[in-house]
Amino acid sequence: MTELFNALLTQNFLQNALLGGLLASVACGIAGSYVVVKRIGYMAGGIAHAVLGGMGLAYYLGRSPLAGAIATALLAALIIGWVSLCWRKQEDTTISALWAVGMASGILFISATPGYNVDLMSYLFGNILMIPNHSLQLIFWLDLGIVLMVLLFYKPLLAICFDEEFAELRQVPVRLFTLLLLCLVALTVVILIQVVGLIMVIALLTLPAAIANHFVASLGRMMLIAMALGMLFTSGGLALSYQHDLPSGAVTVLLTGAAYLLTTVGKVLRDRWQRRQRPA
Amino acid sequence: MMQPVIVLDRVGFRYDELPVLEDICLTVRQKDFLGIVGPNGSGKSTLLKLILGLLSPQQGRIEVFGADPVDSRLRIGYVPQFATFDRNFPITVLDTVLQGRLGISPALFGYRRADREGARRALAEVDILELQQRSLTALSGGQLQRVLIARALACRPEVLILDEPTAHIDPRVEEGVFELLKRLNERMTVIVVSHDVGFITRYITRVACLNRRLVCHPATELTGKMIEELYGGPLKLVRHDTVINGHD
Numbered sequence: 000m001t002e003l004f005n006a007l008l009t010q011n012f013l014q015n016a017l018l019g020g021l022l023a024s025v026a027c028g029i030a031g032s033y034v035v036v037k038r039i040g041y042m043a044g045g046i047a048h049a050v051l052g053g054m055g056l057a058y059y060l061g062r063s064p065l066a067g068a069i070a071t072a073l074l075a076a077l078i079i080g081w082v083s084l085c086w087r088k089q090e091d092t093t094i095s096a097l098w099a100v101g102m103a104s105g106i107l108f109i110s111a112t113p114g115y116n117v118d119l120m121s122y123l124f125g126n127i128l129m130i131p132n133h134s135l136q137l138i139f140w141l142d143l144g145i146v147l148m149v150l151l152f153y154k155p156l157l158a159i160c161f162d163e164e165f166a167e168l169r170q171v172p173v174r175l176f177t178l179l180l181l182c183l184v185a186l187t188v189v190i191l192i193q194v195v196g197l198i199m200v201i202a203l204l205t206l207p208a209a210i211a212n213h214f215v216a217s218l219g220r221m222m223l224i225a226m227a228l229g230m231l232f233t234s235g236g237l238a239l240s241y242q243h244d245l246p247s248g249a250v251t252v253l254l255t256g257a258a259y260l261l262t263t264v265g266k267v268l269r270d271r272w273q274r275r276q277r278p279a
Numbered sequence: 000m001m002q003p004v005i006v007l008d009r010v011g012f013r014y015d016e017l018p019v020l021e022d023i024c025l026t027v028r029q030k031d032f033l034g035i036v037g038p039n040g041s042g043k044s045t046l047l048k049l050i051l052g053l054l055s056p057q058q059g060r061i062e063v064f065g066a067d068p069v070d071s072r073l074r075i076g077y078v079p080q081f082a083t084f085d086r087n088f089p090i091t092v093l094d095t096v097l098q099g100r101l102g103i104s105p106a107l108f109g110y111r112r113a114d115r116e117g118a119r120r121a122l123a124e125v126d127i128l129e130l131q132q133r134s135l136t137a138l139s140g141g142q143l144q145r146v147l148i149a150r151a152l153a154c155r156p157e158v159l160i161l162d163e164p165t166a167h168i169d170p171r172v173e174e175g176v177f178e179l180l181k182r183l184n185e186r187m188t189v190i191v192v193s194h195d196v197g198f199i200t201r202y203i204t205r206v207a208c209l210n211r212r213l214v215c216h217p218a219t220e221l222t223g224k225m226i227e228e229l230y231g232g233p234l235k236l237v238r239h240d241t242v243i244n245g246h247d
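In order, the protein sequences belong to chains S and C. Taking numbering that gives the first Met the number 0, I'd label the letters of the first sequence as residues 0 to 279. Taking numbering that gives the first Met the number 0, I'd label the letters of the second sequence as residues 0 to 247.
By construction, these hints were calculated from the structure, which means they are not laboratory data. Backbone N, C-alpha and C define an ideal beta-carbon position, used for all residues, glycine too. Where hints are given, some of them may not hold.
Label-pair ranges, simulated between beta-carbon atoms [stated by the list, open to error]:
(1) C:Arg201 to S:Trp86: 44 to 54 Å
(2) C:Pro105 to S:Leu223: 20 to 30 Å
(3) S:Leu175 to C:Arg111: 14 to 24 Å
(4) C:Asn39 to S:Ser95: 28 to 38 Å
(5) S:Leu175 to C:Glu116: 26 to 36 Å
(6) S:Phe139 to C:Glu116: 34 to 44 Å
(7) C:Glu116 to S:Gly40: 36 to 46 Å
(8) C:Arg133 to S:Gly40: 48 to 58 Å
(9) C:Val214 to S:Gln89: 37 to 47 Å
To give an idea of the chain C side of the interface with chain S (calculated C-beta under 10 Å), a few residues [said to hold, decoys possible]:
(10) Thr83
(11) Asn87
(12) Val214
Model the full structure from these sequences, guided by the hints.
Laid out in structure tokens, this is it:
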């Protein structure tokens, strides 16, 4: 343990990795809570996988893959949102198509790029140990934007998650806020891709919020607890993977999954016990 | 004669080729307590959705407060059936009722003190102020129904519209809900949709029988024969002369 702390004090890349995880947890706690309560995990998964297409194209053109990721994530969010609002029957199929086509085109672009294809694995599985300074800055600004949006529009965002029909009757622009919500999820997905990679994004996005949901009765508190849990899991995953020389993204996700399993089983047992205590 | 608040003039609505409502004429006036009854699939919920502007009619004209239903939405309080939202949503009773303040409260940032006071007044009116910090998951059917009515009251409505308010609660609680509506009717128009004909007639002033077409009666005139015609078969009319006492 002391060895780890010493490394953390001296090694710049470890400091960056820790900071990256902590910063990502902020967006993750907020967007993840919305994904869980609105049950749009499949949409978030579709956005995450479609992003590879944009990253691949940017890589092929010699541009910044991160810029490609942001643009594709937002585009995918708007397409999925639009289909779900106007053409609900086709929502499932559209997401599946975007999911697979995005990945396929990403792989083609990357394989067509001359040179050494080391980046593909880090897009897919994440490599927080390689996170550069400019990515940290980007995550910071995205965090700030997401927090600001949620503070400004807390009321309508909560209303469209809870009861869309009632929100519409209160003159809330439901379509606009649904698209805004999906864009917030898309930006969070881009942030998390750098921590755990796009294949495992969905675990880090939803599980901390799902765990928080076991314990609270308010969306705001759910977000704060999910943030704290996200920080715990990313730091814990980093520490474990560093000590045992394992891939950090995978360790982080396994840690998160284990915590989710334990708390869910714990909650089911507690509920049963309480029901037995209560007189019939 | 009281002012008309809702006017439907020869309204027709169909989903694709399936006619749901035909030639509906209805005038609801201020302080009316109107019951809309009819069997499942008779178009009751569609009629409400038209009045709320969630659907628009293919034929005829609907006016709410002399304007398009969409523009008059904020003056109506709507109580949906239970099924429209997730009961496991992490939200407290107070935060649920606060949503009735959307459209009254300023658009940006959170709810203000005036909103919370308005929401608490609505909770007090339906006698569940003590539940305000309770999680929605922990409520009984009757309590949840009252939360939904409180949310509609927090809208400061001039018309209260309820879709099957007693569908998921036991008869003893049902009685309480209708007593509450009767009290509210002293200051606002109330429209209740129900498939439960017998019960509703004890409270309302006018009943509209719906089965694709609409026939209005004063509540006292509702007879077994009318219900037979409405439901298209012989049916027992349950009389509610006796008051149901509390039983465990």
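Going down the list of hints, with the structure as the test:
For arginine 201 (chain C) and tryptophan 86 (chain S), the hinted distance range of 44 to 54 Å is satisfied, since their beta carbons lie about 46 Å from each other. Separation of proline 105 (chain C) from leucine 223 (chain S) is about 24 Å and conforms to the stated range, judged on CB atoms against 20 to 30 Å. Against the hinted window of 14 to 24 Å, the Cβ-Cβ separation of leucine 175 (chain S) and arginine 111 (chain C) comes to about 23 Å, which satisfies the hint. Between asparagine 39 (chain C) and serine 95 (chain S) the C-beta distance comes to about 35 Å, which sits within the given range of 28 to 38 Å.
With their beta carbons about 29 Å apart, leucine 175 (chain S) and glutamate 116 (chain C) fall inside the hinted range of 26 to 36 Å. The beta-carbon spacing between phenylalanine 139 (chain S) and glutamate 116 (chain C), approximately 39 Å, falls within the hinted interval of 34 to 44 Å. For glutamate 116 (chain C) and glycine 40 (chain S), the Cβ-Cβ distance of about 38 Å falls inside the hinted range of 36 to 46 Å, so the restraint holds. Between arginine 133 (chain C) and glycine 40 (chain S) the beta carbon distance is about 28 Å. The supplied range of 48 to 58 Å is therefore violated.
Range check, valine 214 (chain C) to glutamine 89 (chain S): about 41 Å between beta-carbon atoms, so the 37 to 47 Å window is met. Checking threonine 83 (chain C) against chain S by beta carbon gives a least distance of about 6 Å; that is within 10 Å, so the hint holds. For asparagine 87 (chain C), the shortest C-beta to C-beta distance to chain S is roughly 8 Å, which falls under 10 Å, so the interface hint holds. Hint on valine 214 (chain C) is violated. Least Cβ distance to chain S is approximately 28 Å, over the 10 Å limit.
Consistency with the previously given hints fails for numbers 8, 12, ordered from lowest to highest.
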